[in-house]
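Given next are the chains, with one letter for each unit.
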Amino acid sequence: MADWLSPAEWDALRLSLRVSFWATLVSLPFGLLVAHALARWRFPGHGLLNGLVHLPLVLPPVVTGYLLLLTFGRRGWVGQWLDQWFGIVFAFRWTGAVLAAAIMAFPLMVRAIRLSVEAVDPRLEQAAGTLGASGPWVWATVTLPLILPGVIAGAVLAFAKAMGEFGATITFVSNIPGQTQTLPSAIYSFLQVPGGEAPAARLVVISVVVAMSALVASEWLARRAMRRVQGR
Amino acid sequence: MSLSVALRHRFAGFSLDVSIDAPPGVTVLFGHSGSGKSTVLNAVAGLLRPNAGRVVVDGTVLTDTARRIHLPPHRRRLGVIFQDGRLFPHLTVRQNLRYGRWFSPRAARRTAEAAVVEMLGIGSLLDRAPATLSGGERQRVAIGRALLAEPRLILADEPLSALDDDRKAEILPYLERLRDDWRVPMLYVSHSPAEVARIATTVVMLDAGRITRMGPAAEVLADPAAAGPGREAGAVIEATVAAHHPDGVTELRAGGRPLFLPTLAAPPGTRLRLRIAAADVMLARGQPQGLSALNILPGIVESVTDRGGAVLVRLSTGAGPILSRITRRSALQLGIAPGEALTAIVKSVAHDAADVGRAPRDDA
Numbered sequence: 001m002a003d004w005l006s007p008a009e010w011d012a013l014r015l016s017l018r019v020s021f022w023a024t025l026v027s028l029p030f031g032l033l034v035a036h037a038l039a040r041w042r043f044p045g046h047g048l049l050n051g052l053v054h055l056p057l058v059l060p061p062v063v064t065g066y067l068l069l070l071t072f073g074r075r076g077w078v079g080q081w082l083d084q085w086f087g088i089v090f091a092f093r094w095t096g097a098v099l100a101a102a103i104m105a106f107p108l109m110v111r112a113i114r115l116s117v118e119a120v121d122p123r124l125e126q127a128a129g130t131l132g133a134s135g136p137w138v139w140a141t142v143t144l145p146l147i148l149p150g151v152i153a154g155a156v157l158a159f160a161k162a163m164g165e166f167g168a169t170i171t172f173v174s175n176i177p178g179q180t181q182t183l184p185s186a187i188y189s190f191l192q193v194p195g196g197e198a199p200a201a202r203l204v205v206i207s208v209v210v211a212m213s214a215l216v217a218s219e220w221l222a223r224r225a226m227r228r229v230q231g232r
Numbered sequence: 001m002s003l004s005v006a007l008r009h010r011f012a013g014f015s016l017d018v019s020i021d022a023p024p025g026v027t028v029l030f031g032h033s034g035s036g037k038s039t040v041l042n043a044v045a046g047l048l049r050p051n052a053g054r055v056v057v058d059g060t061v062l063t064d065t066a067r068r069i070h071l072p073p074h075r076r077r078l079g080v081i082f083q084d085g086r087l088f089p090h091l092t093v094r095q096n097l098r099y100g101r102w103f104s105p106r107a108a109r110r111t112a113e114a115a116v117v118e119m120l121g122i123g124s125l126l127d128r129a130p131a132t133l134s135g136g137e138r139q140r141v142a143i144g145r146a147l148l149a150e151p152r153l154i155l156a157d158e159p160l161s162a163l164d165d166d167r168k169a170e171i172l173p174y175l176e177r178l179r180d181d182w183r184v185p186m187l188y189v190s191h192s193p194a195e196v197a198r199i200a201t202t203v204v205m206l207d208a209g210r211i212t213r214m215g216p217a218a219e220v221l222a223d224p225a226a227a228g229p230g231r232e233a234g235a236v237i238e239a240t241v242a243a244h245h246p247d248g249v250t251e252l253r254a255g256g257r258p259l260f261l262p263t264l265a266a267p268p269g270t271r272l273r274l275r276i277a278a279a280d281v282m283l284a285r286g287q288p289q290g291l292s293a294l295n296i297l298p299g300i301v302e303s304v305t306d307r308g309g310a311v312l313v314r315l316s317t318g319a320g321p322i323l324s325r326i327t328r329r330s331a332l333q334l335g336i337a338p339g340e341a342l343t344a345i346v347k348s349v350a351h352d353a354a355d356v357g358r359a360p361r362d363d364a
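So the protein lines, in turn, are chains P and C. Residue numbering for the first sequence follows the UniProt record's numbering, beginning at 1 and increasing consecutively. Residue numbering for the second sequence follows the UniProt record's numbering, beginning at 1 and increasing consecutively.
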C-alpha cells in the first residue's frame, strides 16, 4: 500500500506528523498557563504578554524563523547555552522544526483556550472551594472539565497549523530531506525541479486531507465535550 | 455548635460593624439588600477578608485578623447553599452530591448518603444532569451537597430568593427537617419575613451594617419596634393540630384557644408554627357577634406603637403575643391603651401556604 508514495514523500509525511504531534503536546501546558494568565490574572505586562503571544500571527513567518535562528541557533544566546549545558540542539534538526511549528501555532491555541476560560463561571470554582477543594483540585475537577472543549479545539487547530507551517521552519532549520523536510517544504522542493508536479500534487492532496480531518475532528470533539459539560 | 462572629469592614460608602454570638439552631440574618447580611455570610465562609474581625466556629478560629489568621474557604468545613444553587454542570446529581464528601475528613463522615437522598426526595434524579432539573430540584440537590460535605455549620445565602412562591413552599419543609431532624446548625441570610418566621430560631436584624435587634425568633418578630413595613410585620405563634373536620377545616390549639385553618396535611398532634401578619388582625372591644372570621383571640394590650401613619398594637393572648396593624384613627376611636382587654379577630391565619411550618424543637 506504501508504493503510491515514494520513500522521500513518506519521510516528509511522517516527519510532519511527528513534528506537529510534539509541537502540540509541548505547547499545551504553556498554552493553558498563558490562556489562564490572559483571561484571569491582572498583572503588569499583561498587554505585553498578549502582544508577544500574538506576534507570530502578524509577523512575516520568515522573520519569526530568522529571530529563532538568532536566538536558538548554535551561536544564538539561548541555543549556545542549551547546547553547552544540556546538549540540546535546535538548529537544522527536527526538534527545531518542532520549536518553529509550536511558536507559529501558539496564538491559535491560546485564543481558543482563553475564550473557554473566560466562559467559566468563577462562582462555580468558589462553590468547589467551599466544599473543601483546594486550588489545584478546583482546577482539576471543575475548571479543566469546563474548558476541555476549548482545549481540544485549540490543540487540534494548533496541530493543523503545525502541519502547514513553512516559512519559519525553512528559515530556522532549512529543508533537509529526512531531517527537516516537512510536508510543505517537500512540496516546495518538488515544485522547484522539472517533473516534480506529480509528487507535489500527491502531497498537496495529503495536506488538504489532513487539514480538513483536523478541522472536522476538532469540531466533533469540541461539540461532544461541550455536550458533556453542559450535561445534555 | 457555637458560632461567634465579630466583624468590621468598609466598602466605598458602606461600613459594617457587627458582633454575633449565635446559639444552636438556625440563626437568620435578616435585612434589606445592602444591609450587610451577605457580607457577614461571605466573611464567615472565607470568601471575603474583613478589615478586622474574628470568626470562631465550635472553638476553631477561622478568622482572626489580630493574629493574622484567615483560613481559605476549603479549610473551613462550612457548607454553603448559594442563591443560584451552583451545581457543577459537568457532573451528574450523584457526582455533585459526593463532591464535598470526597474532601471531608474520613473521621467526620457520619452522614449517610442514602438518608440524605431519601430526606430530600432526589432518588430519581441521581443520574440526571443539573441542566435538566427544575429550580426547586436544583436547590434540593444543593442542600444535599452541602450537607454531605459534613460541615460544622451550613451557610445559606438567600437559598429561596431565586424561586417562585410554589417552589419556595416546596423547599421550606426540607430546611425545617435540616433544623429539626438533622439538627444542622445554620446561618441563614434572608430578606423575607415569611422565611424568617418559618425557619429561624434566632433572628439577627441588620440595617446599614449594624445590628438593630437580635434574639429568639418569636420574641423579635413580635416586637413592634423591630417590625417591618406593610405585610412584613407579623408575629409567630405555636399551635398543635387538634382535629381535621369534615367541612374542610383543621382545628388547632394554641395556648388552650382553638384556631381554624383550611385543611392542613399535618396529622393531629403535630406542632406547628404559624405566622400571623399584623395587617390581618382586627381589634374589637368585647365579644364580637356575627362575624365570618373563625379565629378570635382575647388578649391584653401590651403596647401601642406609632409606625408611619399606622399603629402597631401588641396584644398578649393565650396563644402568645400577636401584632395588629390598625389606623391611627381606629386606635383613637377605640381608645386603645396598654393594659386594656381587647379581642383580636384574625381575618386569616397563615395567609400564604408558606406561613405554616413546623415548630422548631424547644431544645434546638
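What the hints contain is simulated information worked out from the structure, not anything from laboratory work. Each hint should be verified, as a subset may be incorrect.
For each label pair, taking beta carbons as the anchor points, the in silico distance ranges come out as [to be verified]:
id, chain 1, residue 1, chain 2, residue 2, range
1, C, D64, P, L59, 26 to 32 Å
2, C, F11, P, E118, 35 to 41 Å
3, P, E118, C, T212, 40 to 46 Å
4, P, F21, C, S15, 57 to 63 Å
5, P, R228, C, R361, 43 to 49 Å
6, C, R67, P, D121, 31 to 37 Å
7, P, S134, C, R271, 53 to 59 Å
Sample of chain C residues with no beta-carbon within 10 Å of chain P, all distances over it, derived [claimed, not checked]:
id, residue
8, P73
9, D84
10, H90
11, G135
12, A146
13, A149
14, A169
15, W182
16, R213
17, G320
18, R358
Stretch by stretch, here's where chain C covers chain P in the computed footprint (C-beta under 8 Å, at least three residues) [as the list claims (entries may be wrong)]:
id, segment
19, 37 to 44
20, 158 to 170
Since this is a predicted model, take the numbers as computed values, not measurements. We treat Cβ as the ideally placed atom computed from N, Cα and C, and that holds for glycine.
field: Nearest-CB test (10 Å) between chain P and C/P73
entry: violated (4 Å)
query: Taking C-beta pairs only, is C/A146 more than 10 Å away from all of chain P?
result: The claim is violated: C/A146 sits with its nearest Cβ about 8 Å from chain P, within 10 Å.
- request: Run the C-beta distances from C/W182 to all of chain P and say if the shortest one exceeds 10 Å.
  value: Given a closest Cβ separation of 18 Å, the condition holds.
- request: Given the hint of 35 to 41 Å, check if C/F11 and P/E118 actually sit that far apart at their C-beta atoms.
  value: violated (26 Å)
task: Evaluate the condition: distance from the CB of C/G320 to the nearest CB of chain P exceeds 10 Å.
output: holds (38 Å)
message: Confirm or reject: C/D84 is not an interface residue toward chain P, with every Cβ-Cβ distance exceeding 10 Å.
response: violated (8 Å)
field: Cβ contact check, 8 Å cutoff: the segment 37 to 44 of chain P against chain C, three residues minimum
entry: violated (count 0)
task: Could you check the hint for me, namely that P/S134 and C/R271 are 53 to 59 Å apart, CB to CB?
output: violated (44 Å)
Outcome, coverage of the segment 158 to 170 of chain P by chain C - at least 3 residues whose beta-carbon is closer than 8 Å to one in that chain: violated (count 0)
- request: Determine whether the Cβ-Cβ distance between P/F21 and C/S15 falls within the hinted range of 57 to 63 Å.
  value: Hint holds: Cβ distance 59 Å, inside 57 to 63 Å.
query: Cβ-Cβ distance between C/R67 and P/D121: within 31 to 37 Å?
result: holds (34 Å)
message: If we take the beta carbon of C/H90, is the closest beta carbon in chain P still more than 10 Å away?
response: Check fails; 5 Å does not lie beyond 10 Å.
When each numbered hint is compared with the structure, violations occur for hints 1, 2, 7, 8, 9, 10, 12, 13, 19, 20.
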